[in-house]
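Asker: Sequence:
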Amino acid sequence: MTATPTVIKEKSGQTIKQHYPNYKIIVLNDDFNTFKHVIECLVTYIPGMSGDRARELADEIHTQGQALVWVGPQEQAELYHQQLKRAGLTMAPLEKA
1 MTATPTVIKE KSGQTIKQHY PNYKIIVLND DFNTFKHVIE CLVTYIPGMS
51 GDRARELADE IHTQGQALVW VGPQEQAELY HQQLKRAGLT MAPLEKA
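Under full-length UniProt numbering, think of the first position of the sequence shown as 1, with each following residue one higher.
Hints may contain errors.
What the hints assert, rightly or not - Derived DSS-like pairs (lysine-lysine); straight-line CA-CA distance at most 25 Å:
1. K85 / K24
2. K96 / K85
3. K85 / K17
Keep in mind that the hints were calculated from the coordinates and are not lab data.
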């Protein structure tokens, strides 16, 4: 996971730090993607994803109907979400963590 950027607001001479929200990437179960394809996509598009962790997530997607595969800043979340969707995975909409 990466560090979350912050935004600084000035209010009545005081500086208030607020973190930008993180976003969740959730992959949904479907009837057409194989375990192998899901694992390959996760390893390919999610930085730092190991084959073992991708296998665990693929199993969770299959048994629980979905799995949270990554959480982080919005811009990166949008990129990874789009890449996984283009690869054919069934994705939940991005949502704030």
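Asker: Flag every earlier hint the structure violates by its number, smallest first.
Answerer: Of the numbered hints, just 3 does not hold.
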